[in-house]
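With the hints as constraints, model all of the structure from the sequences given.
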Amino acid sequence: MGRRRPRRFIKEEEIKRKQAMKESQWKEIWAHFSSAYGFGITLLSGMIIGFLIGHYIDVWLHTGVMFTLGFVSLGIYISFDIFIREIMKKKDK
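Everything in the sequence shown is counted per the numbering used here, starting at 35 for the first residue and increasing by one.
Treat the hints as calculated values from the structure; they're not laboratory data.
Straight line, CA to CA, 27 Å or less: simulated DSS-like cross-link-like pairs of lysine-lysine:
#1 Lys61 - Lys45
#2 Lys124 - Lys61
#3 Lys56 - Lys124
#4 Lys123 - Lys61
#5 Lys61 - Lys127
#6 Lys56 - Lys45
#7 Lys127 - Lys56
#8 Lys61 - Lys125
#9 Lys56 - Lys125
#10 Lys61 - Lys50
Right, here's the structure in full:
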């Protein structure tokens with residue numbers, strides 16, 4: 035007959051397995067968090083850059099807020115486009 039492992043060794047293996055499972059869960063949580071954080075930063079930066087470009091064109095041409103709204107909308111659109119492309123890349127992996 036084969037040798038039986040002591041109970042203490044079995045418990046240590048079980049603890050290591052549970053710790054490895056917790057680590058993989060944390061990695062998954064952080065991956066989702068970084069994706070959401072990246073989208074927020076991309077959206078915010080697109081809006082800020084669009085606002086600045088639009089504002090300076092409006093000041094230069096004396097057109098009110100026409101270019102500001104247009105460039106902010108363009109920044110939001112580009113941010114969503116970038117985010118969707120990133121999701122599609124991750125989905126393909």
